[in-house]
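Participant: Sequence:
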Amino acid sequence: MNLHTDYEALFSGPLPVSAPLAFAGFGITAAELGYDDYAGLDARGKIVAVFQHEPEEELETSRFAGRSPSSWSTVTYKAANARNHGAAGLLLLPDPHCERERTWKTDTQVEAFGLPVVKLSEEWSRRLLRSGPRTLSEIARAARDVLLEPFDIPNVNVSLSVEAIERYRTLRNVVGLVPGTTDDYVVVGAHYDHLGLGERKALAPENIGAIHNGADDNASGTAGLLFLASRAVRRKNGSGLVFIAFAGEELGLLGSSAYVSRPKIPLEKIRAMLNMDMIGRSDGSVYIGGVGTAAEFHDLLDGLKKETTLELKYAETPQAPSDHLSFAGEKIPVLFFFSGLHADYHQPSDDREKIDQVRARQILQVVESVIRRLVRKDQPVHFVETDTNTALLGAAAGSSVLGLQPEPSWEADGVLVADVKAATPAFEAGFRRGDILIGCDGKAVANRLDLIQQLTEQGRAPDTAHQILVVRGEELLALPLSTTE
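If you read the sequence shown in the numbering used here, its first letter stands for residue 1, the second for the next number, and so on.
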């Protein structure tokens, strides 16, 4: 078998495994829904094959979560459920009714989970089920409408061995300081990383392996950062300026998360943070997020409208997933400058000839005007909680969320808890280090950003209590988490 064409390793176990094979539908046990793919199957000591995703997932009337993926559809849940049933390993078969996830990663990252988990190609799935009581085609025809009965597959023994080797790489932020005449600072940032060959986040799988230059995302912001820094050295008065080119933004805001965890300037000395991410493709407007995070931002920005021909579009909350979230999570006022999405986003076609240099410079003039006002002694800046609880936003960057400290390097489904802070909602609810959060209010949690989106869903009261589905060792738990700190 060939890696990335026949199989992909997802989780590792402590030892190589050789065991008989069984089939267990979608690998879901949802007692509250009267659904159990393992009913009647003794999975102990066996390698279990299950479909990816969940049944009825294209139906609004699905018993799980309508057309939204539920927590039962995640790989982490399926692996935990297989382990709870005593399985020695898990094989993921392609969902016969869904074309998603038919592509293969070229840089598989494997997490240790206690049992090996491997995703198989359709061809190998057919081979494994060939000697069972029902073929893959027969199962696929029945999978739409009925609970699939589990069964053992006679005369088939499967050997699995997945070894996870820890590898560490050093990423570096680049920080420049322009001293002022006061002891406070304004931070100006932009991330300088992109997708490389697109192995992780390319939007078009067929382009994996092609160079993704990232002219707009985020060479435009990085160039803007250098331009503003070169001009800032001429100024003398007011707050100091810290210019930061962040690494690892595309991997989960790693650089900005590291900075707020180990700041060069005490966080209480930072008046505000301005972030530029994709400022090169304006249509005549600029989106400015986080306007509601300081009481003074509306008036400050309104005062700039007569200085520019750009339309300034405001958003109160700073929810866009970029490096400003790390600072918003620390209750620092933030502004996020963004010219908008386009068809070349996360594609090899995001190249420099498509950058609108004239409008990009106009955006920089707006940012520079904001900086000039923020560094003045007579310009107050007072942090304000927006409708979206800013304490939640930092989790997108690895900052604590209601006391939960996510592990930023975790690449599997869900959110791995690296630490739980004392005297916080998460601590009081019983969350522990090592917990894996895979569901929120019945919906799947794919990653940190997904968790934040669900916790801050528009229309919910800021003190909403949520039910979080947690994998803890051999257990699956439902824990309450209140968004009130």
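Think of the hints as simulated: they come from the structure by calculation, not from any bench. Each residue gets a CB set at the ideal place from its N, CA and C atoms; glycine is no exception. Accuracy of the hints is not assured; some may be wrong.
To be verified - Simulated crosslink set (DSS-like; lysine-lysine; CA at most 27 Å straight-line): (1) LYS421 to LYS377; (2) LYS264 to LYS313; (3) LYS264 to LYS331; (4) LYS264 to LYS421.
To be verified - Simulated restraints, written as ranges between beta carbons of each label pair: (5) ASN157 to ILE211: 41 to 49 Å; (6) PRO14 to SER369: 54 to 62 Å; (7) THR309 to TYR345: 36 to 44 Å.
Participant: Return holds or violated for the Cβ distance of PRO14 and SER369 against the range 54 to 62 Å.
Facilitator: Holds - the Cβ-Cβ distance for PRO14 and SER369, about 59 Å, lies within 54 to 62 Å.
Participant: Starting from LYS264, check that the Cα of LYS313 is at most 27 Å away, please.
Facilitator: violated, 32 Å
Participant: ASN157 and ILE211, beta-carbon distance inside 41 to 49 Å?
Facilitator: Given a distance of about 44 Å, which is inside 41 to 49 Å, the answer is holds.
Participant: Within 27 Å, alpha carbon to alpha carbon, are LYS421 and LYS377?
Facilitator: violated, 36 Å
Participant: LYS264 and LYS421 were given as a pair; does the straight-line alpha-carbon distance stay at or below 27 Å?
Facilitator: holds, 23 Å
Participant: Is the straight-line distance between the alpha-carbon of LYS264 and that of LYS331 27 Å or less?
Facilitator: holds, 17 Å
Participant: State, for the Cβ atoms of THR309 and TYR345, whether the hinted interval 36 to 44 Å holds or is violated.
Facilitator: Given range 36 to 44 Å: violated, Cβ gap about 25 Å.
The structure fails to meet hints 1, 2 and 7 from the earlier list, while all remaining hints are met.
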